[in-house]
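Colleague: What follows is each chain in one-letter form.
2 protein chains.
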Amino acid sequence: MRHASLLPSASVAALLLGASTLSACTEGTATGQTSSTRTEASAPAPAPLFNATIEKLRQQIDTRMADGVPVPVPADAGGGYTHEQHKLNGTTIYNAGMLYRVTGEQKYRDFATDILLDYAELYPTLDLHPQVRPSTPSRLFWQGLNEAVWLVYAIQGYEAIRGDIDAEAREEIESQLIRPMADFLSEGSPQTFDRIHNHGTWSAAAVGMTGYVIDDEDMVEKALLGLDRSGEAGFLRQIDLLFSPDGYYAEGPYYQRYALMPFVLFADAIHRNDPDRDIFAYRDEVLLKAIRSTVQLSYAGRFFPINDAIREKGLDTAELHYGLAIAYDLTEDPSLLSIIQQQDTVVPTQAGHKAAQAIAAGKAEPFPFRTLKLRDGAEGDNGALMILRSEEDEDNAAVVFKATSQGLGHGHFDRLGLLYFDNGNEIVADYGAARFLNVEPKNGGRYLPENDSWAKQTVAHNTLVVDESSQFGADWKLGEEHAPRILAFNDTPGASYAAAEIGTAHEGVDLQRALALVDREGEGHFVIDIFRAQSDGSHSYDLPVHFKGQLIETSLPFDHATRNLAPLGEDAGYQHLWKTAKAEEVPAGSLNDLSILIEDRFYTMNFLVDAPMTAVLTRLGANDPNNNLRSEQALILRSEAETATYFSAYQAHGVYDNSRELTVYDGGTVENLSRTTIDGVDIFELSEANGKAIRLLFAQTLAPSMDHSIELDGETINWTGPVHLVRTSDDATAPSSTSPTSGDEQ
Amino acid sequence: MRHASLLPSASVAALLLGASTLSACTEGTATGQTSSTRTEASAPAPAPLFNATIEKLRQQIDTRMADGVPVPVPADAGGGYTHEQHKLNGTTIYNAGMLYRVTGEQKYRDFATDILLDYAELYPTLDLHPQVRPSTPSRLFWQGLNEAVWLVYAIQGYEAIRGDIDAEAREEIESQLIRPMADFLSEGSPQTFDRIHNHGTWSAAAVGMTGYVIDDEDMVEKALLGLDRSGEAGFLRQIDLLFSPDGYYAEGPYYQRYALMPFVLFADAIHRNDPDRDIFAYRDEVLLKAIRSTVQLSYAGRFFPINDAIREKGLDTAELHYGLAIAYDLTEDPSLLSIIQQQDTVVPTQAGHKAAQAIAAGKAEPFPFRTLKLRDGAEGDNGALMILRSEEDEDNAAVVFKATSQGLGHGHFDRLGLLYFDNGNEIVADYGAARFLNVEPKNGGRYLPENDSWAKQTVAHNTLVVDESSQFGADWKLGEEHAPRILAFNDTPGASYAAAEIGTAHEGVDLQRALALVDREGEGHFVIDIFRAQSDGSHSYDLPVHFKGQLIETSLPFDHATRNLAPLGEDAGYQHLWKTAKAEEVPAGSLNDLSILIEDRFYTMNFLVDAPMTAVLTRLGANDPNNNLRSEQALILRSEAETATYFSAYQAHGVYDNSRELTVYDGGTVENLSRTTIDGVDIFELSEANGKAIRLLFAQTLAPSMDHSIELDGETINWTGPVHLVRTSDDATAPSSTSPTSGDEQ
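Chains as they are written, first to last, in this note's numbering: chain P, 561 to 1306; chain S, 561 to 1306.
Because the hints were derived from the structure by calculation, they are not lab data.
Source: prediction; values computed, not measured.
C-beta atoms are modelled at their ideal positions from N, C-alpha and C, and glycine is treated no differently.
Please note that the accuracy of each hint is not assured.
Some, not all, of what chain P presents toward chain S, calculated at C-beta under 7 angstroms [stated by the list, open to error]:
| # | residue |
| --- | --- |
| 1 | Pro684 |
| 2 | Thr685 |
| 3 | Leu686 |
| 4 | Lys873 |
| 5 | Asp876 |
| 6 | Asn998 |
| 7 | Val999 |
| 8 | Ile1112 |
| 9 | Ser1115 |
| 10 | Pro1185 |
| 11 | Thr1223 |
Looking at chain P on its own, in the form it has when it is part of the complex (with noise of 0.2 angstroms):
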């Protein structure tokens, strides 16, 4: 290990050049230079984003100095006064140490220096927390997450100003605060800092950086392998474990984003102290691709709302500026630019001003969204989550397909999910959490108990539920140990699919889905949805689609509640929906539609079940005394059987643009859907009027290496594994078929 500081002083001279340049701006000829010797010294590129964003913080900062910083003894626990400040504080003296950094200014270094030895006063003088978690030791918060959070913020402001300062302050801070806290944080709290657990990894950053920041080797190596240095726990082996190989998060997108910030900051320490680990190229780039994937698992700049989400979480999430920064200068792709311009703001940091300058270079180009699948699990093998998407657009379709393992306590019964977006809109939606986060009247802003009655329930998502029953009986650890198997993927332009198999969500139940999103050449698309129950003894089957917007027109005969509402069951989510309409006796095989309108767009679902069917509308909000739910829709098609097949195609089509008063709206070309089995394969047939169709065939065999071949108008089709998509048209040119599929086991 070399000595070295978080920021190699290059960049600093690189930054100081930069912000000589910011202070002239904004100060004119205060700092005594001529302009003319501005304009003989070799300009740095211009960075308005990086200049603006100190700007931002020299605001906050004097407010700050001006305002002065109360450091109060600890007493409460999250969202209160003393909770509050210290987290503020904490980002204080990093914003402080930064501006110090770019600017030159002393009064900055003073201020930090100031804070923070305040802290080293305060911090010998304290016990445990008075309302500590007693599994989360800590003594400035109530838990010990938020005390290594703000330790990777200060020391990070420390780092700054460190060989700047008196040496007496220096050794204040760090025998009074820095090093017992990181002490405190390792040695102090093993169950904490040797789990493998998005806990444990801010731990392992606040030690790790702190140790390069007061060159303590030992400290660096406990950071890194554990207390032990075996290896068996410490940010190494976290990174082995907690993100997939394609660098998916098993919670998701929403708790993804969060885990990915102390990772990424104290791998960019180690790779600008420690070069030789080449830490970012460590475990195949895991690190780079899940910052890449977190932006992936985002639609129209929100992530993803599956499990635990706050749906208005998305790109412009603090976590994602470090990210993409550190991601940018280790890569310089362009494509990355783009979203740090969306985000409108940069780190204040050398990886932010790079950024910066990169943009106003114009070099940012569109972020590739794509066609994905990430796999899921440490060793890739516990399902995925697959991403189909119509164009490389953030605005056009995107469907997801939820065949992923539990993801720990904050997962959902939702496995074989379906999400669909369009047109820059939720069309069948994930309720996400229900939570308003630090709302306090809202449980003190924690999860609400609906989360658990309903957001968390199978039936509040878009996958089929069993007689009225959570996956897993609703227990997440027995959830823990199962996941789909994925029986296809397919990633080919405007005819792209996917499929999975689950056998353990109910017991006797075999769950099989195959979704596809096929292009129709520039007039919308369609989504394919074919959702196959198998099972030896009866049951009840409810695939309920939580679609947005208004409802147009549907075929099915509708019987309105109109005097009298009351809820669609007893429990497991059931009881929060209120049945709104029932269409019974719809016959089997019988093709149906329902059309609705989102925004200026029209979707149009036809839906064929292979046994009789009622069909409900619900709405949500029966059981809910304190008016935590929102008012939600769904439809929910219901069948009574052994075996089920329920086969769904979406069309978005149309117009309804009120700027222009211009109305298209037919109800979609869908003609027909069809289905028929022939040699074991199940061929799932949309024909439209114009003589196009698109097949969908699915093998009854799920065997992933099975040659098929089936002769079909003639033309004999061959194809390997259960999935299979072939396109035709009106004129007698062959079909065009997609390119095999690619399984599991491959």
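Position chain S relative to chain P; hints supplied.
Modeller: Relative to chain P, chain S alone:
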């Protein structure tokens, strides 16, 4: 009258110069000009928005030229094939003419000529349309309105080519099509042509503009003064009667923007051909006022959705493209340019070109959205629409006080209604119309039955409902006879208010409302709402608050219907409301609150009712067998009394920022609401914890010229009229009071 074209030839020259720049741009050196000759010419100022518009038009028209233009024998009613085809052809003639004028390319002239000749062949063969509506004769379309609109477009296109086509074609077009159609719309349709109504305006515009183009003074006279040239009908009379002196159109903004179009187009033609008429100065510039007021009647780009409004309609509507370009051409008011910028397109005329040049030259300034009283009625004495705005920024708070006349058959029974917008969002909302424009399965795209049964009813609005019935017994002709009386209007920035009264909406009940918008010095604002109902007999009074967002907390002891929902009432709109929660026996004079979250801001309503009260929460959707209604929530405050006074205060506060994970929520700063009466003046006081207070003084006697003087906290306060607003602070300075109010009868 001098002989002149719709567009003066000087302007045409300028446009053609611009056009050659444009075609040089898009066709390279194909024009044969060398770049040096172009440089030597005095180049017109750039107008990229205009060029982009022309390019879009060129693509559209080139496509139509390639596809061919069917001119079918009329058969279908609105929405049908021949109807839509003829509409399209009318705008094609217009666009081809504009393209010819701008580019000078003969193919566009010939294209327009050919279509017109096809119509000249068809038109003489036509009897009345097979599906004609007897009240409105027409030949190409099922109703005369469409025929007039068609001619308005076609005559402008024809004017652009008329001087450059051969005499034979000109004779054919004028004798077989243009003149017969104009005659048919005037002499042949006296019931429409002489009617003081929007349809009459379109006819007058079509006939008058035709008169200018074919140089028929008689036609112009009829259009201006009516068939008998008495001035009892015709365009000038329409201007006299259809707009209020402030440029308000009684049906409200949704219809105002539509009605505006023939006014501005014909007025523009008059201005250019008969400049001595000074038509835009006519009636104190009422047409320019109408254009400006149309913009004022919007929030965040959309029109206030009062009366039968399609909510999506906003400032980007095509009609306003013409109005703004023409108004800018006349006034060169740079604030109009910012609205044109938002529209992101201009009209393909000289005025559009000029506006685009000005935008490119950076002349645009923000439009001054203002606190404003727009009087209603031809004489300005039929009530008013009053808008209170917190700042001159369309994204800040706006309160709309609907104290207007009925607004004919499209009016709603919502006298004294409130709309409240803030932060770009609706906070307390109007349902708008129950209609999906031109969506065939939704009642043929016409108004839905629920427009009458719900959207027009009083309970669908934020105004007091007496005895669960609608104002005027939901009889719009009766409503047409009565308008509210304006009691006060004050536009003091940061402390604006308005008040109105109506005693005729419900027999024996006088309704009085005062609304104030009071800024909190950079920390949000309050909306103060006083509603007094006075009667000699006992009534049930319901104050609905149609709030948006998610309910966060409330002091009301609601008992939620968790197992069963029933409608709130039987008719007058109540049959559509599910009663989701009820709080009974709320004591008279108790202070209650309800807080909601809308996007990233919280809103807390505090309220005090001087009678015992029941509060209910409702959800729209009962008795809606076709899912025609949106699912919206409301709070209804119900008291049974002879007189009742509702004192409500809305406060915008706090932050819910999921990007920064920052939540600031404290329930607002209101400490108390109180009502006292001194010397016949009700004093409504809102006091904050910081000692500041807002007092709205509302005299029980409503005489507009009465002087008042009362003692408050040892200060004497003097004012004239029924309403006065006083702010006090905790320091010992004198209260600041706003200037005297101005009522109807000043």
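Colleague: Provide an ascending list of the numbers of those earlier hints which the structure does not satisfy.
Modeller: Per hint list: 1, 2, 3 and 9 violated.
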